[in-house]
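Take the given structure of chain A and dock chain B to it, following the hints.
Protein chains in written order, with the UniProt record's numbering: chain A, 1 to 409; chain B, 1 to 409.
No lab work stands behind these hints, which were simulated from the structure alone.
Treat the hints loosely; a few may be bogus.
Identical chains share a label here; the pair holds if one copy fits it or two copies do between them.
[Stated by the list, open to error] 25 Å max Cα-Cα, derived SDA-like pairs, lysine to any residue:
id, residue 1, residue 2
1, Lys60, Glu392
2, Lys357, Val340
3, Lys168, Ile122
4, Lys145, Val312
5, Lys124, Glu404
6, Lys60, Leu402
7, Lys124, Arg400
8, Lys24, Gly34
9, Lys357, Leu335
2 protein chains.
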Amino acid sequence: MEGEPTLRLRVFDLNCWAIRYLSKRRQERVRLIGDTLRREGFDLVLLQEVWSEQDYSDLKVKLAGCYPFSHYFRSGVIGSGLCVFSRFPILDTLLYQYSLNGYPYMLQHGDWFGGKSVGLVIMKISGIIFNVYITHLHAEYCRDKDAYLPHRLVQAWELAQFIRHTSKAADVVLLGGDLNMHPEDVGIRLLRGWTGLRDAFAEATRFEGCKNGCTLVPDNCFTDKSELLPFPLGIRIDYILYKAISSFTVKCEELKTTTGPAPGMDIPFSDHEAVMATLHIQRQGQPVGATLGTADLALADVVTEARTEVGVGLRAARRQRYSSGRMAVLALLLLLLQAVAALGTLAGLGAEQPFPKLSFCLLAFLALGVLALATGLHLFHTMEVKMLHGTEDQMWMALRALQERPSEG
Amino acid sequence: MEGEPTLRLRVFDLNCWAIRYLSKRRQERVRLIGDTLRREGFDLVLLQEVWSEQDYSDLKVKLAGCYPFSHYFRSGVIGSGLCVFSRFPILDTLLYQYSLNGYPYMLQHGDWFGGKSVGLVIMKISGIIFNVYITHLHAEYCRDKDAYLPHRLVQAWELAQFIRHTSKAADVVLLGGDLNMHPEDVGIRLLRGWTGLRDAFAEATRFEGCKNGCTLVPDNCFTDKSELLPFPLGIRIDYILYKAISSFTVKCEELKTTTGPAPGMDIPFSDHEAVMATLHIQRQGQPVGATLGTADLALADVVTEARTEVGVGLRAARRQRYSSGRMAVLALLLLLLQAVAALGTLAGLGAEQPFPKLSFCLLAFLALGVLALATGLHLFHTMEVKMLHGTEDQMWMALRALQERPSEG
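Chain A on its own, in the form it takes in the complex:
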């Protein structure tokens, strides 16, 4: 079967950092990205952080000639930021919004407003069915004390589950995006172990670009140098992952990253480096085996580790649910107390009005404000508890399945 025809697919992945009013030299960079994509003629382009629909429309017009097919995934307040451009027809799409994605009150970390999701586009190229996934997980703002780790792990788990459940009819699965996790992080190991996806960087025959495949590097003029101090070479958080499901093999012939400034320009495309993979897909005589028995043990360890972290998040969320609920009850009690006092005064029980009117009103409004806020927080953390608990349960079910597998074989 070695003589079977092969398909070569060139994939481009980039976190564009195109936040209207906030990202530096945004329009100039989006133009530059569009020009490069048109000139280079990739087969498939996966972009994240295209937050403005206008930027997407501009790119769509510019790229209509070489990438006639495209899709923008709408979600959240300002969108998912995810879009796909393709040389081949897009047959179908589906969006899955992660159940947890940070906190709406953490305005300085705008992740909640982005409605983080995973987008799926289905394509058929030379008779091969491709399930292409694009995603962007919650950012890591502080590696030492990462308050968002449980949320990011829930996202990694939901991403893995979504890929597993929707890719059963696919021949080849591709995932591109900014996963906001280092290659050895538990979330990446969970995702790779649970889906069987392989890392294009680790598998590439040829590599060219930033050392260790890093995609957030000090050489990029837009990166925050202080954040990268513990990592002098930079970090790798943008990935192209792949696997063949049915009787195909996928190999990564070449992987490239940009290295700061775009070729022949003085500025980079973005604060992230682009990842470019050339994949080589060939039909094989027999299906490639699924995850092996020996790998199951390692996978069970990863799931256990992830489940522990989710449990830590669950306990924190329960504490926050409790304290916001207690705050709401206290505010309600204060309001009731004030109402009783006011009614007492009206009924002429007290000879004179006991409090200055202004302070009394201010206090009532304050109590009302605290009540509203604390109730909102309580509802939010209740949802958070539900989702963390649900994920913990699902992971437990996965562990049981993993442990039972050898005895079945």
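Frame of chain A, contents of chain B only:
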């Protein structure tokens, strides 16, 4: 192949109306449901509106003997209300939360707090892979002027897409739940047309129960009689739908509904009637064909109709987004004006204080409250616009695919 072994599966579906503190005689009814399920020994039980996790745990304990496998889907503030009990092992689960589900400020219609979702459980029975879906769509509070129709249509669409994308490896697909739609409604036609699911009531060889298979009937002592005035026989909104995907056929041998009071009791299980189907699954020599070309035209009409309704919802959501945004801007302006006036007084520009202190403070607090509320509403309706717009786009893509199909063939 007529001689192939067959599988007979008995399925029970019920909206349990088990809202803590609100549903009448809840604990008594949950006990009754548990007793009946234990006595009758179904193969698969799909329950909705089990809002209290305690009720689920009680049922789980009671049913451990005859239904050793179960799953509760957590989501939203008070849960999804969805749970499954099964005689056969549950291999895997996945939850998909609908992107739209009413409005948090419609407290009297609590749907938003329920986190409406579709749950998937995967089972293997006698070597046949079952994808079982359970769901509960947004309620219809006023049929003549149904403000939630666009949201329910988005849910029906997402449900159909989720089923299509996750059932590729299944042999048999089952869907049970309270769809809150009459059999001829556009959402049901969309769901059935787009997935190819068949209605157990329409296909049943034998039927026994309420006339027309109604599941919300005046004979039930818990139903609101005034709501059912236009429908003297009741309405049918709870369904069991099914289809075979690979080389199997599914037939509905018998369909039953309860008819008000539970057998031998003075009260019904719930305000809804239970739906019980006996399905007959047989292996066939060749795969059953997918949707036919002639059906595509009718399906295109349904998708067009649904898309029009989603468009109506999109325009309404855009109006609400605009008016809440305008309100927020006005409140902000008022606050700024007050700040200027207060600063002016402090700086001694005005000879005397121009307003009574109390009214001034009250006005400021009012403006602040309106600003917070209007901003929240604006964010919410922005998300609503995004999701309606995204669904409209997806439906357009589906229409294009439907129209292109004949030319491909």
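Sort out which numbered hints this structure fails and list those numbers smallest first. Violated hints: none; all satisfied.
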